[in-house]
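*Asks:* Listed in order, the protein sequences are those of chains A and B. The numbers in the first sequence follow my numbering, run straight up by one, and end at 1494. The numbers in the second sequence follow my numbering, run straight up by one, and end at 348.
Worth flagging that the hints you see were computed from the coordinates, not collected in a lab. Accuracy of the hints is not assured; some may be wrong.
Stated by the list, open to error - Pairwise CB distance ranges (calculated):
(1) Arg-1484(A) to Ile-27(B): 54 to 64 angstroms
(2) Leu-191(B) to Glu-1360(A): 40 to 50 angstroms
(3) Arg-246(B) to Glu-1321(A): 21 to 31 angstroms
(4) Glu-1479(A) to Pro-339(B): 43 to 53 angstroms
(5) Ile-224(B) to Gln-1319(A): 31 to 41 angstroms
For glycine and all other residues, C-beta sits at the position ideal for the given N, C-alpha and C.
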Amino acid sequence: MPEPLLTLAGVHTHIGQYHILQGVDLAVPRGELTMLLGRNGAGKTTALRTILGLWKASSGSIRFDQAEIAARETPDIASMGIAYVPETMGIFAGLSVKDNLVLAARESALDEARLENVFRFFPALRKFWFLPAGLLSGGQKQMLSISRAMIEPRKLVLIDEPTKGLAPAIINNLIEALKELKQTDTTILMVEQNFHAARSLGDGVAVMDSGRIVHTGRMADLAADEALQTRLLGLSLDVHQ
Amino acid sequence: MTQPSDDQGPLPQARIDTIPLLILAGVVIVAFFLIGSASTWVTLTIAGVAMGLLIFIMASGLTLVFGLMDVMNFAHGLFIAIGAYVGVSTMKAFSSAAGSESFLENLGALAPTLLGAVVVAGLIGAFFERVIIRPVYGQHLKQILITTGGMIVAEQLIHVIWGPDLLPLPRPETLRGSFLVGDVAIEKFRLVAVVVGLSVFAAMMLVLNRTKIGLLIRAGVENKEMVEAMGYRVRRLFVWVFIVGSALAGLGGALWGMYQENVTVHIGAQMMVLIFIVIIIGGLGSVGGCFVGALLVGLVANYVGYLSPKVALGSNILLMMIVLFWRPQGLYPVNRQ
């Protein structure tokens, strides 16, 4: 097992009066894709947002690349090499596809080779290059959202349900793009409900329930154990494809 | 830079929403038939455009301030008043150049007057953001209360420094009066207002559309959280937007003072009603919407003031109601998340 790039220890998060994360312990190994699974309302999205500082942990430790980040501001955390693909995609609708990627490139100009790589997986983005991103279809917006995470080298990418509401053909495209991203030694922590995507991509898996991690292991082991799936997630994941 | 390929059929085009522009044109055309006299119509149209552009200068910063950080700054009128009063003092200091018959010497009075208004309003804006606004980020009720209180305190300070009386702010000599084109009288200063207003609009559009800072501002207005998640400090950006917005309000205040040729302490508070109308009908956070909204407000105020003076006072409120019934988010709504 590679050493963890990201470690959460006893992380609690409150949103208003609600106690969402109730002592999350999680280690995300460097260079792997860890799937974060769980029922709706288990706290998966809150976990990603807490890592990035969008919601502050009320207690506990979050260590990224050997630095404590729980108390840092979101821009500082992101600048350490973390990209975020939210469930809502978070694209800037009034900006062109190009400008969305220019902003994602932060300090530098767009890298030509990386851009060609993005276009290889998502040719629609080349076609709509100068078009406002708000005019793209749902699938194209998701392509853009993931492309923003691919346009610069990142140490860690946090992805929240990238396949939600997308057509199967587009999901296959996304899976291929994320496999390519894995090849670049990028560590990925991904929330996913689509088991086909989860099984295709996941190296490790962590299952959340009621604001805690209740299972960690290898994705292949969980995929092969129907009884474990039913116990942890309430149903067999094959039914859920 | 990679260009889009043309081997996949014609590229789709972004559609520009032209309806608000057509309405603007429609207002101008309808006014022509209602007024009946071409020369009066030209005079009123130029006056309306000049007034609209001056309101745009004052309002553009406020719409970005609200769009970027959800800050409700009811004290924006303070920067207008500061600009106007600094204009009074500077113009007085350069009164001999302002009174000269030479256009170049007049420019030597006008430039420091406008520059002084911009710099002082910008500096006070920086102080105001740090001391008054920053402690109440994200708290709308407190923002309304403290900025309104700040405005009252600032007006009293202006009383102390410049006195309570109405002060003259004369235009430089060569910018006074009108010139005739056929039988149409065009006030020279209105043309100055048009030139400055269009220059400010062009510069803003250039920055917003062609620079990375501009992209960040536009992105921040849409989705501040995502911009921060990409590693950018929106608060730092906001401080600069606030300072530039205050400086532009100061510039607008000095020009508006010269437009009216006098200044009172209430100049800012009086303009705030029109400014709020403009940024609401334009779409909160939209500079383009603010521009079209300001022109609509300026033109309607002048046309209705001529056609039916009794209705003039309420004409812009009525305009706002009509626009909001049609488009509740304003003429050019920003897709805010």
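*Asks:* Between the beta carbons of Arg-1484(A) and Ile-27(B), is the distance compatible with 54 to 64 angstroms?
*Replies:* 56 angstroms, holds
*Asks:* Quick check on a hinted range of 31 to 41 angstroms for Ile-224(B) and Gln-1319(A), using CB atoms only.
*Replies:* Between Ile-224(B) and Gln-1319(A), where Cβ atoms are some 33 angstroms apart, the hint holds.
*Asks:* Is it true that the C-beta distance of Glu-1479(A) to Pro-339(B) lies inside 43 to 53 angstroms, as the hint says?
*Replies:* 51 angstroms, holds
*Asks:* Looking only at beta-carbon atoms, does the pair Leu-191(B), Glu-1360(A) fall within the given range of 40 to 50 angstroms?
*Replies:* 57 angstroms, violated
*Asks:* Is the gap between the beta carbons of Arg-246(B) and Glu-1321(A) within 21 to 31 angstroms?
*Replies:* At 22 angstroms between Cβs, range holds.
Comparing the model with each earlier hint shows a violation of hint 2 alone; every other hint is respected.
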